[in-house]
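Chemist: Chains A and B, in that order, are what the protein sequence lines are. Mapping the first sequence onto my numbering, position 23 (from 1) lands on 23, and the numbers just tick up by one. Mapping the second sequence onto my numbering, position 206 (from 1) lands on 206, and the numbers just tick up by one.
If you're looking for bench data, these hints aren't it; they were derived computationally from the structure. We treat Cβ as the ideally placed atom computed from N, Cα and C, and that holds for glycine. Keep in mind that the hints are not guaranteed to be accurate.
Said to hold, decoys possible - Distance ranges between label pairs, derived from CB positions: (1) A:76 x B:380: 41 to 47 Å; (2) B:14 x A:179: 32 to 38 Å; (3) B:435 x A:14: 35 to 41 Å; (4) A:234 x B:919: 52 to 58 Å; (5) B:483 x A:76: 41 to 47 Å; (6) A:195 x B:403: 29 to 35 Å; (7) B:910 x A:209: 30 to 36 Å; (8) B:910 x A:188: 31 to 37 Å.
To be verified - Stretches of chain B that chain A covers, calculated by requiring three or more beta carbons in the stretch to come under 8 Å of a beta carbon on chain A: (9) 311-322; (10) 479-491.
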Amino acid sequence: MSGLAVACRRVVHIYRAEAGDVVALSGVDLSIGPGEMLALVGPSGSGKSTLVALLAGLMRPSAGRVNVGTYDLGKLSDAEISRLRGTQIGVVLQGAARNLLPYASLERNVWLAQRRAARTEGIELEDPERILDLVGLPGRGAAKIADLAPGARQRAALAVGIAASPGLLLVDEPTSQLDSRGRDEVLDALETVNAERGTTVVVVTHDAEVGARLGRAVTIRDGRVGAEGRGGQDFAVVAGDGTVQLPPDVLGQFPPGTLFTVDQADGTVTLVPGGVAQSPEPHAGDAA
Amino acid sequence: MPGVVRGALRARRAQAATVLVLTGLAVAVAAAAPWYVTAAAQSVAVADVAGAPAHQRVVRVTGRVEGGAAPGVGERSGAQAVADAEEQASAVLRVPDAAATVSLRESGAISSALARVSLRLVYRDGMCEHLDVGGACPAGPDEVLLSRRTAQALQVTAGDTVDFVLPSQPARAVRVVGTYQIRDPLGPYWAGVDLGSGANLDPGAAGTGDPAFVTSDMVAALPLREIVAEYHLVIPERRFLDDPAGLRADLARQVAGSRGWRVETAAPALAERIERERALVALGVGVAAVQLLALCWFGLFFAVRHTAEQRRPDVGLLKLRGAAGWRQWHLVIAQSAVPMALGAVAGAAAGLGLVRLLAGDAGGAAQARSAALLSAAAALAALAGAVAAAVAADARAMRTPVTDLLRHVPSRRRGWRAEVVDLLIVLVAAAGLYQSYATAREPDTTDGLALLAPALVAVLVALVAARSLTPLAGRLARAALRAGRVPVALGATQLARRPGTHRVFALLVVAVALLTTAAGGWHAAAQSRDDRGRHQLGADRVLTVQARGRAQLLAAVRAADPGGRHAMAVVRGSDGPSTAVLAVDSARFASVVDWHPRYAGLSPDAVAALLHPPAPAPLSTPDGELTLDAAGGAGPPTSVVATLTTAAGEPVTLRFGPVGPARARYTAPLSGCGAAGCRLVGFELVTRGASGRLELARPGAAVTLYGLSPVAPGTVLGDVTRWRGSLSPTAVGPALAAEGGALTITALDAGRASNRSTRVYAVDAPTPLPVVTTAQLEPPAAGDARLPVFGGDPVPVRFAGAVGTMPVAPRFGYLVDLEYAERVAEDTGLGDVPQVWLRADAPPDILDRLRAAGLTVISDETARATIDRLGREAPPAALRFQLVAGLVGLLLAAGAFVVVAAVERPERAGELAALRAQGLAPRAVRAVAWGGYGSLALSAVLLGVAASALAQSVTRRPVPLFLDGWNLLPAAVGPQPLPILAGLLAGLVVVGAAAATAALLLVRAVREVAR
């Protein structure tokens, strides 16, 4: 199975809570190529986990489209999404222990995660021991999660996530609470999976170094894609509606409501502040 | 997959064990109930048959067969007559395997030189085997066997010749070959027949006295066109036990086509009673089993749903991985189904084993097979219910989205479904309660709704209280926080916030309420059985005896217990099915009788005093020569017969005369009086009739008595207050005149010759006879009050006092003094029962002393045995099961409590450990743990007891105390202190132990997490 492409177009998601509605995503545009490795970074509450949940089909967007491979997730039934998760989308939840049955061995956990794919035609599955080997846990099939060190637990979670040979792997905070060695082990395993299988990998992380290691980091801020980092360089991103999020350090100098004139010359866009200050816009940092 | 399931079960051992135990309990109850019903129904049926009076097992078919004078019959042997009777009667009624006895009889009289006794001449199959014969059994056509007292009345012995007289027939001489006393008068051979029934007294009755037994040839040869035949069947016990309904139907069908023969039987009443007993056992046990099963299922559902909280992440993971629905169900259900299956096997074995130990066998092979099949079906149904409960409990997780399943904190929103379920339960409970209250019901019956009513009340109270628990706990928490009482606030907050706390609270309340209600029912029933057993018997111990006469009974008991503290002679009779007539020895009444405090009215001493007011002393004389100083009148020669009685009540008659017109002395020897002497009963004027036999003196005949020395001097004879005529309401004469130290007796004419009397009685007892009655009885508005005493003619009585009720009385009753009643009763009949009532502390050799005094003991009953027999009826069997079910239910609820605590322990321990790390004192942790669980347990127990008290106050008694509706000493209504206390104690112990376990384990878990 080769990697799946992901495309999000103006994705909006609103949580309905007793205290009032919460807009978690307010128009996300994101494209991920097949086989690409991407880090989703951003502060807590920025909408990263929500976006991953939408990509995994665990929730449906309130508006917009989410495409995984050739599938428009908004148009699939629950049963179809469930089948997709069992065959083409692998999910690794935050907290390694949450990904495994504590009373079953690693080998059994991987085997269980393969059951849906095992009944689907056209999918070739690897032996659980081979998968464990792939993530750096050779010969640990009989072990249970309680027997493992934190870094090994995370890799075990990873093994379950890739057990069905998915085209898209979504991983939520795989390196939190790990030391640098553990972090490196996990990242090595992710890279191995991506290199050997061509799996598209999306990692949610707070750690900027993880983003730098993966090559592409997309910053989610206030429910939108704020910036991207590629090859060590940070870029602002023009959203589908034409808005651009200013980097935080720039925003600090120009409070919301500041008027700019936009000059363009020789392919360079210049923003020149001037004029009377206006009342703050709903989305602080937007420049239109 | 099996490996994964095994791993899950190992990891969640405690929860699996709880589910195993709860399922085991449910299946044990389900498996035990049908067996218990069958065994208990069999047991009560056996007890009913064993305890039933013999006449209830007997069918009597009475008709007529051709006699010796029937046209065209010619000479017929007795065997042929017997065969005829059997053939005709058995065509009317046939009961397979019943022991059949044929009797042939005719009424007549036997007279000797001195007396004449009306009786029946009887042949009965196998009669001599059931008689104690002194002499020989009749073998020839003119041989007769008389009862001992008939022989005494006639003053004949074996070898003497007497005359047998049929109406309108010449006398026939027959030879007395022996005397008899009935052996086993209470047994089935003699049951249901009025020949020699019971241990009756009274020879010489005007009605049917003790029969004279003869051969069948003699009866068949009587010069009559028809003779009375009787076909007597003793229904085997097996018929009552195997198919009482079928027996009733058979008897009804056959009785309907009786072809001129009369069929009498009380067997359908016994059969019907057995059916009702069995139905009550089935209903009472069935409803209790269903209640407990419902409690088990609810507890299981609750326990599984709580453990389902731990399985939520498992389901979430499988859903996250896209696992098929059946695989998700497999993983979660298997974690319940495996322990359930194991629990079912263990429970079925334990339930059946225990019930066989407690209730015994289920009867015959067929019944055992049927019971086993029912038990298996019920056990499977219980298991199916348990699995269904598990499916229902896990269904919610299956419907929950993956994101909710994977959340750290489960959703707190109570679905609308739970609200609707609660509302439905409340509505159903209220409707059922109203229905049970509104439905008319006989006091001695029950129905399913009535049995469920207490449970419905408990459910209502429990649900309402449980709903109030959360807001109340929340309010308490806020108040405690404001007051700075942290442990209370923490405990109350956790109580308010934990999902399912109100459910386990409701379960505990219902379980405690059911147990307390069952205890209340058991207590009331036990109390009532005690009251009834004591009331029915009248004393600690009662012997039914055979005696030669009432006076002999009195004398024998007085001889055996001269102190008068331990034994009392009683003759028990009746005046209709609802009225007892008790003749008691008043001097010993207060000492011996078991006088229930609730009889009300007079004390036993007051009763005794009212029954035995002073009366003229009897006229007594020892053996010797009696001299009558008398003068007769004109007319046919008239003799004076003086009737005396020995201390043992045996009559002695002396004839003086014929008395001539001139005053003269006449002597007669008196013997057989013994050391106690003989009492003068009275005089009678007789004359010789045309046949040469003695008969009443003709109207107008008069005799003046000047003295009977040494018994009755002239002063006594001249006092008219010392003499009276017959007390019979129809007797006419004689006329009495006392003057100048002499008594003149004149025979009078009467419209009917049979009403004429020439008998004069000595007054040695008060007339009218004083009686103490039950309060409902009152003297008649007009005319004299009269009471038939000892089955004879009614005697005048005076209502001396009243009591609420009295021993033995079914509803109404009369008490008379035995000694006085014996002196005033005339022409007494059959049907009374002589007894000796004993105190519990009577000497061990009292029976030997009574036998030595001439009594034959034919039955020996104690109050304890009577109470035990009542304890083997259907209501106690049903109540016993309800009590056991209540205990099991309480254990189950406590088990569910422990499960809830186990499931929430990791989370609670984590929270408390985190607070410990922030400075919460260890003492506060202990207070939270013990206070939280302790207060939940205490309030549940108290509320459960209160719910039971409410249920017992507003609902009718679900299981009747007695199937026949006996309520002479009504049981206390409503909740009683002792069972309430017992329920409270049991609740505190069991639920308290569960709460203590939960608190201890929580404290320990906090300590481990904090470490």
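Chemist: Please check whether residue 483 of chain B and residue 76 of chain A have a Cβ separation lying inside 41 to 47 Å.
Modeler: Cβ of residue 483 of chain B to Cβ of residue 76 of chain A: about 56 Å, so the range 41 to 47 Å is violated.
Chemist: For residue 910 of chain B and residue 209 of chain A, compare the CB-CB distance with the range 30 to 36 Å and indicate the outcome.
Modeler: holds (32 Å)
Chemist: Does the Cβ distance between residue 234 of chain A and residue 919 of chain B fall inside 52 to 58 Å?
Modeler: Because 45 Å falls outside the window, the suggested range is violated.
Chemist: For the hint 41 to 47 Å, verify it against the beta carbon of residue 76 of chain A and that of residue 380 of chain B.
Modeler: For residue 76 of chain A and residue 380 of chain B the Cβ distance comes to about 43 Å; the hint holds.
Chemist: Per the coverage rule (Cβ-Cβ under 8 Å, at least three residues), is the region 479-491 of chain B covered by chain A?
Modeler: It is violated, with 0 qualifying residues against the three required.
Chemist: Between residue 195 of chain A and residue 403 of chain B, does the beta-carbon spacing fit 29 to 35 Å?
Modeler: holds (32 Å)
Chemist: Are three or more residues of the region 311-322 of chain B within 8 Å, CB to CB, of chain A?
Modeler: Contact hint for the region 311-322 of chain B vs chain A: holds, 8 residues under 8 Å.
Chemist: Within 32 to 38 Å: is that where the Cβ-Cβ distance between residue 14 of chain B and residue 179 of chain A falls?
Modeler: Since residue 14 of chain B and residue 179 of chain A have Cβ atoms about 36 Å apart, the given range 32 to 38 Å holds.
Chemist: Return holds or violated for the Cβ distance of residue 435 of chain B and residue 14 of chain A against the range 35 to 41 Å.
Modeler: With Cβ atoms ~51 Å apart, the hint is violated.
Chemist: Could you check the hint for me, namely that residue 910 of chain B and residue 188 of chain A are 31 to 37 Å apart, CB to CB?
Modeler: With a Cβ separation near 34 Å, residue 910 of chain B and residue 188 of chain A satisfy 31 to 37 Å, so the hint holds.
The structure fails to meet hints 3, 4, 5 and 10 from the earlier list, while all remaining hints are met.
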